[in-house]
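Given these sequences and hints, build the entire structure.
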Amino acid sequence: MQIDLRNVSITPLRQTYNHIADYLGADKAASRYVEATMGVQGTTNFHYRPNWDPEREMFDERRTAIKMKDWYVLKDPRQYYYGSYTQARARMQETAEADFDFVESRGLADSYDDSARRAALDFYIPLRHVAWGGNLNNGYQSAYGYGTAITQASLYASMDQLGVAQYLTRLGLLMGNESELEAGKHAWMNAPAWQPLRKYVEDSFVVKDWFENFVAQNMALDGLLFRLAYKEVDKHLNERAGPTVSMLTRFPAEWFPRPASGSMPWSRPPPPRVPRTRCCSKSGTRTGWRVRRKRSRPWRNWRWARKPARPSPACAPSSMPAWLRRAWRSERPSPTPFPGDRQNDPSTQRVHRAAAQ
Amino acid sequence: MTQVPNVFIALQRNEETRPIVDAILADNPGALHDEQPAMVKINVPGRLVVRRSTIEQEIGREFDLQELHVNLITLTGHIDESDDEFVLSWVH
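Protein chains in written order, with this note's numbering: chain C, 1 to 357; chain U, 358 to 449.
Calculated directly from the structure, the hints in this document are not laboratory data. Because the structure is a prediction, the values reported are computed rather than measured. Just so it is clear, CB atoms sit at the ideal spot from N, CA and C, and this is done for glycine as well. Please note that a few of the clues may not be correct.
[Claimed, not checked] Simulated crosslink set (DSBU-like; lysine-lysine; CA at most 35 Å straight-line):
# : chain 1 : residue 1 : chain 2 : residue 2
1 : C       : Lys235    : C       : Lys69
2 : C       : Lys208    : U       : Lys398
3 : C       : Lys199    : C       : Lys235
4 : C       : Lys75     : C       : Lys231
5 : C       : Lys67     : C       : Lys199
6 : C       : Lys28     : U       : Lys398
[To be verified] A few chain U residues that face chain C, going by a derived Cβ cut-off under 10 Å, partial list only:
#  : residue
7  : Glu372
8  : Arg375
9  : Pro376
10 : Glu392
11 : Pro394
12 : Glu415
13 : Ile416
14 : Gly417
15 : Arg418
16 : Glu424
17 : Asn428
The following block contains the structure:
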């Protein structure tokens, strides 16, 4: 009996769903994010208007003053849909847990400077109430907002703010004890220094327009607060007492995107390309030791090194032997390793041989 | 007339490599896209560049070019790699 194995290529009839293809303008393979986001917002066939807002539909564009032709242009640059979001957060959480373990197992919290500990607790513990406010506001946006592109990002941000609040709580429990949380709540409710911020957070709870709420929470408040709390204050504490608290606030510090737009490496235009000269270039590639060694002293192992792309005579270092420098300049390996050695020089040998004959 | 020899890179065809393939096709104008069962092969005459910045634009997060190796099947050409670029060519 003979069995033939054969490769059969089965090409799918369609690359993606029709509504995604309409959106992309062609039937081409789409990312999971695009497939899980575009056209997911419910738009028609709502049966009843909600009792709590009988003027409008269940999902209604009119709950904000913002008008959009297409709500799906508010795409998430991180491309978070459920799968990629949970994976990314699982990774962050793993790191954060490892940091907490590290601080705990080495007793870093106990050996932390006491005045710095007081400052850290007084500052970071009340912030858990701010983070809880962020949780609530982002939840509001995802509930009453319109367009899956932005409402799903709001929901993730809502969960993230809860995570921030929880990590701040654990910071309090690790650096102090339960009474610190009570004291933090008391300061949040009563200490004059916190009242303007508390007023802002509580005022934001009654902002009805969900997009206004989005701007107030995620751009105005977080835009200022995260940079202050997890960069400026963090730096100050680091200088005073070392990086223990930085490790414990790693999650919020890494969660909040770097401030100015265009500061993300992928939103920056690529740097202008500098033509690479292979000789004498100290700043070649940074990958591995082999490549670097090749580049930094190419004449040492010139047989294996790449030939210089366009060497200028000035590039031949003075430490190079004269015969190799000539070869280097002419972009050819020297025909004779030792031009002075007439015995071994094929060009002169031929002359000798002719003379002998 | 001497023909420029091809270099190619073959990647598994899955959700992770799709943006990488798109980035390679965007960065290499002469690229030939050859889809095979469970594999994507990209042939380019002369020189093939995989650019980190383009992949990052496609996937919306930071990318380490070493992640390429997870889904890499095979390739031809001499490799010149840096943090920003992975270049295949026959140039010494």
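*Could you check if Gly417(U) really has its C-beta closer than 10 Å to a C-beta on chain C?*
Because about 4 Å separates Gly417(U) from the closest Cβ in chain C, which is inside the 10 Å limit, the hint holds.
*For the pair supplied as a hint, Lys208(C) and Lys398(U), confirm whether the alpha-carbon distance does not exceed 35 Å.*
Not OK: Lys208(C) and Lys398(U) at ~53 Å, beyond 35 Å, violated.
*Under the criterion that the straight-line Cα-Cα distance not exceed 35 Å, is the pair Lys199(C), Lys235(C) satisfied?*
27 Å, holds
*Hey, does the Glu424(U) contact hint survive, CB to chain C under 10 Å?*
13 Å, violated
*Quick one, is the Arg375(U) hint okay against chain C at 10 Å, beta carbons?*
6 Å, holds
_Restraint satisfaction for Glu372(U) [CB to CB of chain C, less than 10 Å]_ = Holds - the Cβ of Glu372(U) comes within 10 Å of chain C, reaching about 6 Å at its closest.
*asked:* Given Arg418(U) as an interface hint, is its Cβ closer than 10 Å to any Cβ of chain C?
replied: Result: holds, 6 Å to nearest chain C Cβ.
_Pro394(U) as an interface hint toward chain C, with CB separation required under 10 Å_ = 5 Å, holds
*Given pair status - Lys398(U), Lys28(C), alpha carbons within 35 Å*: Cα-Cα ~17 Å, so holds.
*Have a go at the Glu415(U) hint: is there a Cβ in chain C nearer than 10 Å to its own Cβ?*
At 8 Å from the nearest chain C Cβ, Glu415(U) passes the 10 Å test, so the hint holds.
*If you take the shortest Cβ to Cβ gap from Glu392(U) to chain C, is it below 10 Å?*
Constraint on Glu392(U) satisfied, holds at 8 Å.
*If you draw a straight line from the CA of Lys67(C) to the CA of Lys199(C), is it 35 Å or shorter?*
29 Å, holds
Taken one by one, the earlier hints fail for this structure at numbers 1, 2, 16 and 17, listed in ascending order.
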